[in-house]
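Protein chains: 2
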Amino acid sequence: MTCLLMRAAERAQLAMMLEVCAYPKPGNVDRCHDYPDTRLEHFLASTIFARTALEEAETGTGRIGEIIKHAVRDTNCHKGGNTHFGAFILLIPLVFGKNIAGALSAIEKTDVSDAVAFYKAFAMTSVKMKAADELDVNDPHTLTVIRERDMTLLDVMRHSAENDMVAREWVTGFPLTRRGADLLKQIGSGRQAIVQAFLTLLASEPDTFIIKKHGMEVARQTMLTAREVLDGRYSLEQFDAECIERDINPGSIADIIIASIYTALGEGWSWDY
Amino acid sequence: MTCLLMRAAERAQLAMMLEVCAYPKPGNVDRCHDYPDTRLEHFLASTIFARTALEEAETGTGRIGEIIKHAVRDTNCHKGGNTHFGAFILLIPLVFGKNIAGALSAIEKTDVSDAVAFYKAFAMTSVKMKAADELDVNDPHTLTVIRERDMTLLDVMRHSAENDMVAREWVTGFPLTRRGADLLKQIGSGRQAIVQAFLTLLASEPDTFIIKKHGMEVARQTMLTAREVLDGRYSLEQFDAECIERDINPGSIADIIIASIYTALGEGWSWDY
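Quick mapping for you: the protein sequence lines, in order, are chains U and H.
Heads up: the first sequence begins at 1 in my numbering, then just goes up one per residue.
Heads up: the second sequence begins at 1 in my numbering, then just goes up one per residue.
Note that these hints are calculated values from the structure, not bench results.
Pairs involving identical chains hold if they fit within one copy or between any two copies, as the list cannot separate such chains.
Simulated pairs of lysine-lysine, BS3-like, Cα-Cα distance not exceeding 27 Å: (1) 185 <-> 79; (2) 79 <-> 98; (3) 120 <-> 98.
If we strip away everything but chain U, and leave its shape as in the complex, we get (with noise of 0.2 Å):
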């Protein structure tokens, strides 16, 4: 049996489910791994409670960043945190417009609206901006700027993309996103290829959300380790074994993963085998 009929919404949704199942994923929650604050069940419950968000941008009407606001708000209520900020930033357009072209589309109509609304939903979040960031979500005088400057949620994308990865997927047409979504489908179906397209990522970029947590220096050694796993020369169950050791996940190449599974589920790629 095929899930011909699958709707963008669950296709978002089991995209969310079968990364944080994958495993070993150096560094991140996983079937075989936990944090001590949030736990498996945290990023599965999100993934259902991700529904009605979902489904509202499936319409392909309403504001993009109210809904990544609703998304952000109804996930918010466990105690684990923030699981999907970064993945709903990818989502939210892709289901809206259906695949990465119409993203694009949507992005481009999106005003200062939906910057206030994303701000909004920031503020719910504990993600941290880069210190001393000009649009500081905790400063209540960010709001204003971004009315003053009449900014869109794609300008906010293009002050983040230098520090952020996936503010850089909104700017440059969703390339990391595309790349994994193509490794998917070269590498083959289910819980392996998760986790190579992941690794191969992972060894070509440096991870934004591990460079804001440890430096440039941790996350480019962690994108070279990546590359000695992938050559054969290090094992991925020490890999993980040391980030977890160290407090490293790689979370921004996880979120860009759930837009590739997202994308490739769309394109015909099977995740069951």
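Start from chain U and add chain H according to the hints.
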């Protein structure tokens, strides 16, 4: 944060997700164990795909047999086979009626159309009837018999109650569902409460899924070993490994525990800790 506004459909999905993630559960698919053809991801995909039918049940209108059929149809679209047929038999009336009292009132109102829809759902699964059952789902004559006798879905459950503890819940007022919910609330929150409640039900009744697959003696022995585990005389991990080795999976108790989690969540039990 708590989810005070959680919808009944979401509560049912959360129950399905929490049950399959809880570990170690002797013999069943859980976070630490897949079957070759049915994996954690299949159970979680069914949890996502069940949403539409659970929302249909949530309206409290329509026909229960038809809604069970929709749930089975919508969750049949992966290669993992039947994951939640027994769970839907309990969850659909519970969501339809909101709680056990409402479910009992709803199942009293089932008629022959529910029974026919249910048998059509049954035929979509690979679930086995007792050998030589008079109402064999694989016998095309069965629907004629049901129609001739004007059997309601509750009558069908009465017919099956002796050999199926899920059907027995309908006939006897959901006593094990109730007991499991009470156990969860007594034991505490989260994953360990689910494992303990599961073991306690397994120690109190022979699982009818095991009886159908391996006979009464194996089911009785499994029940007795569960008692030893509860008494601390036997290791849960060893019990799990033995069940897996011998292909013994207490699937009916798992279905009932899902109904118990749904019920407990509706009464304020916290899965989060």
